[in-house]
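Join the two chains, each given in its own frame, into one complex according to the hints.
In order, the protein sequence lines correspond to chains A and B. Per my numbering, the first sequence starts with residue 1, numbered consecutively. Per my numbering, the second sequence starts with residue 1, numbered consecutively.
Heads up, some of the hints might be wrong.
Each computed SDA-like pair below joins lysine to any residue, with the alpha-carbon atoms no more than 20 Å apart [to be verified]:
1) A:Lys311 to B:Gly139
2) A:Lys118 to B:Ala43
3) A:Lys118 to B:Arg32
Keep in mind that the hints were calculated from the coordinates and are not lab data. Being a predicted model, the structure only gives us computed values, none of them experimental.
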Amino acid sequence: MSQTLSAGSGRYRTRSPAKYPKPRRIRWSALMSVLGTAPMIITAIGVFVICIVYSGLLSFTDARMFPSFNFVGLDQYKRLWSTGRWIVSANNLWFFGLLSVGLSMMFGFLLAVFMDQKIRCESLLRSIFLYPFAMSLVITGLAWRWILDPSIGIQAAVRGWGFTDFTFAPLVNADTAIYGLVVGAIWNSIGVTMAIILAGLRGIDTEIWKAARIDGISAWKTYLFIVLPMMKGALFTAFVLQCVGVVRVFDIVIAMTQGGPGIATQMPAVFVIEHITNRINVALGMAAAMMMLLPVILLLALNGFIQWRMKRNRERLS
Amino acid sequence: MTLVVNNVVPGASGRVLEGPCGPRKSQLSIARLGIYGFLIMAALFFLMPFWVMIVTSLKTLPEIREGNLFNWPSDPTFEPWIKAWFSACTGRDCNGLQPGFWNSVKITAIATVVSITIAAINGYALSFWRYRYANLVFGILVFGAFVPYQVVIYPLIITMRELGIFSTLLSIVLVHSIFGMPILTLLYRNFFASLPMEMFKAARIDGAGFWQIFFRIMIPMAVPITIVAIILQLTGIWNDFLFGTVFAGRQNMPMTVQLNNIVQTTTGVREYNVHMAATILTAAVPLIVYFISGKWFVRGIAAGAVKG
Chain A
1 MSQTLSAGSG RYRTRSPAKY PKPRRIRWSA LMSVLGTAPM IITAIGVFVI CIVYSGLLSF
61 TDARMFPSFN FVGLDQYKRL WSTGRWIVSA NNLWFFGLLS VGLSMMFGFL LAVFMDQKIR
121 CESLLRSIFL YPFAMSLVIT GLAWRWILDP SIGIQAAVRG WGFTDFTFAP LVNADTAIYG
181 LVVGAIWNSI GVTMAIILAG LRGIDTEIWK AARIDGISAW KTYLFIVLPM MKGALFTAFV
241 LQCVGVVRVF DIVIAMTQGG PGIATQMPAV FVIEHITNRI NVALGMAAAM MMLLPVILLL
301 ALNGFIQWRM KRNRERLS
Chain B
1 MTLVVNNVVP GASGRVLEGP CGPRKSQLSI ARLGIYGFLI MAALFFLMPF WVMIVTSLKT
61 LPEIREGNLF NWPSDPTFEP WIKAWFSACT GRDCNGLQPG FWNSVKITAI ATVVSITIAA
121 INGYALSFWR YRYANLVFGI LVFGAFVPYQ VVIYPLIITM RELGIFSTLL SIVLVHSIFG
181 MPILTLLYRN FFASLPMEMF KAARIDGAGF WQIFFRIMIP MAVPITIVAI ILQLTGIWND
241 FLFGTVFAGR QNMPMTVQLN NIVQTTTGVR EYNVHMAATI LTAAVPLIVY FISGKWFVRG
301 IAAGAVKG
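Isolated chain B (complex conformation) (with noise of 0.2 Å):
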């Protein structure tokens, strides 16, 4: 069984982003152009419909049939906005986007504190403290990073209907502890064997038990790599659809559902400028993410590379 996984270690990939270091043509040229046109059309196809969704929203609706889809609103509005916000409707229930919001901070919140949490202890065991079988049962866990979600839902459907936590928040969270494990725990286990071995020695010597040497150790090194799992696990949570659809009941029901859910009722005018807004809405925090992580966001794709 083999992953795919990039090395994570600080320093070791940080270097590789910097500066380029190709074919050496400095002078403008014929070919240069071909570059920086090729590029600059790339860039328009990616910038297209987020264009698209942020006029579209600010416009009204009779702008929106009359006018021209890539134009800027002539007389822009934020009622779209406010109403995605506050009032939009999904069947009867009239509350806009802002409860699925509510719901997908307390869903990704905690899912992310509780899934690295359980991968760090993992990383950190089975680097220093491997048991008989320990191998083998995480690489049970890592051929689980490549079983496609559909194998297991049924059963695990079942399971929480019967511990009577099915459609609760618990259950969302445990499914997402449980899929976020597999790649996570890699992470980490990478991590920490990258580690040397002597400080572990000498922390044994010192008499330091299993929770000592995680808690007063390996926990203040492991900053950077945590900062990985933080913005693969938040962005993946947040973007979940599948699991907050099954698992997470109407109580629960995380953004993107409910976006899906506005989107899709068909009763009376498809109010476009509302449902930009609200798609917007909705992407907004992994956006906010990725534009402060900068850097640490492709380390973390690279380092989620299996989780797709």
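In isolation and in its complexed conformation, chain A is listed as follows (with noise of 0.2 Å):
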């Protein structure tokens, strides 16, 4: 079902492009797909281009409030570097990105493949996964800030049937803050990516199962060494989904910790919106917003670079 698509090289483009015959109207119609195309270029060029380059000159700046171009080299970064709270950030942000994509992929799996068993339901179950994805992260991030929350949540329900010594308040410790925003971000993640690696199981050829059996593999074998291999896209799609979401964390981190306690659950993206709204120091804000741009650039250089190599390797053996 999933296919890798790689953007402009050319690889999968179906058909050369523009072989119909050229009536006079050709030059015509070309400026119109340019007219019609403009809000693209105009994107393209204008944020992804000149906004981005904008921004990292800006990081060399010492800009506050307003643009300045008055450059101060790399002093923006060092700054950056020996800040208590970008440093929390960017650990916290390795942290719960291991952690919660890590999850999401294990339990995504799990209940695909039980989903996988011609058991009843299916879609009733299905929809009880699915639809917190459904749901904004602010909802969701509410909503487990309630139940974690010591006062009215699972921690004072519990005490209400008698285990009055029982503690449970991750929200509150600055060590465990994070995990609760694990919690938070998993349920409402777990869902699409068993969507995704369902979609992708069904996609099998059903014949592997009976050939599986004649050789007398086990189910939990085939599951592990036959099928998990076949279905790579599913799973790098499913992958991607959750790395993409993980470096945006922003809404959750608002709604359930608004950063605390303290400064146990700073994001990045929240580090940046801060420096840009609140704060003003605009060009520290910049440098941490390059320093998120980074992990992103190198991902798609080794994407490339292995995309190519692959390349290569396969005009070889040609």
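Take a look at the structure:
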């Protein structure tokens, strides 16, 4: 079901462009094509090139409230990496990212495999697993904030059942607040991971099962060693979806902990927005934004390199 | 640069969602009970927050303090719902969620139409009228799908301030159109690229031009993909929080931002029942879209895999 498309490489271009007969109006129509896609040209060049370059330039200046072009070299980056708030943010992003993506993929895969066992009420269960994704991360954050709130949430409920010294208040403690965020985040995302992986499972030839059975391979081994490698595409899709979401994590932090207690659950996305709004330190915020862009660019470059290697190997073989 | 996109061509993906095809097992066994046990536990985990919000929103404040989180209210009341809609307070304004709801309706409706129109034209032009550098522009746009919003937000604020449209309806619609464009363009481009070229050639021979082919032939054929795009945008824009806080301004504050403001207001008694009613009201629109659209929603997610 899923396929890997590489934009601009032309590998998946199903047809060569513009092999139609050329009537007189061709120039007029070509002009229309440029005019019609003007919003795209403006967005691509204006936002995704000029704005990024502009942000990059600002990160080398001492701009505070308004843009200035008084260049100060790498000072902002040095300051950034000696700012406790940023270091906590960066560490949180790694911790939160690894934990939430890992757990979401694991439970998503497990649920997908279990859903694939000819069970009853499959569509009902799928609706239940997936509905959190339809809701905003603000709502997810608020809902879990209340459930983990010691005065009205699970702690109060369990104490009400008679266990009066039961303590469960992850969001109050600086060491555990991040786990609260992870629970909220995976509640929102497991369903999607499951749906994508399930679609991948359903796309696999049913003959595999017969073949594995004849060879006497157990069901779980078939899943782990035969089916799993066959659905790389679906797993990769789910993984990319999770990772893009993790770098952007903002809403759920604001709704659930507002970065607290203290600065325990600060995240880079929150750091940047705070520095360009309340803290009025644009240049430092832009330096932080550039640090957020860095892993994205590295990953894309790595991906491009792998694609290029694979293409070269294919050409060598043929 | 690589993007993973699920094939949303109609018919191709519908099949794989039908019927399980795992290893064959039919009789009840311990393993089978284990599977059901796990699935039921998971279902309870997913339903619990929503259940808690519904029962709490129907309770009175004393009952919330005294009673159990999970219990059905002894005397259900709709008072909190009415208060959440008409008179919940954010700071000094006590107009409830109502204005936020209508702002969100306005923003979502306009931005959905604008972004989908732009993307459909882009996809069509990229598939049939590729001019020089068109693929380069498209490549940059796809790269944009991965760029963290924080990197471009400040330059956008400055630009909009210069143009005098910052904190207006126009600015928030523009922002949603910009950030929706990469994935929607990709969606339409892949769809149009799957159509037979002969059809386009025939229309060209008959003398149809750029817009004629687009409106007469392509739009009617693109209905399924447009449904996917509409679902994607309706839920995506309604659920947005970041752009709403930064670009919408006080006049057009969307529902999610207003909800957060109501809940985070620290003065006075925390009215949990009103807050939870407000949360459910904010979630209602995307949930209704979700339950009506069913399988289309899953396709939308798969298609929007990079939107995040």
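The hints, checked one at a time:
As the CA atoms of Lys311 of chain A and Gly139 of chain B are separated by approximately 18 Å, the hinted pair is consistent with the 20 Å bound. Only pairs whose Cα atoms come within 20 Å are accepted, and Lys118 of chain A paired with Ala43 of chain B is accepted, the gap being roughly 17 Å. Distance restraint check for Lys118 of chain A and Arg32 of chain B: the Cα-Cα separation of roughly 10 Å lies within the 20 Å cut-off, and the hinted pair is therefore satisfied.
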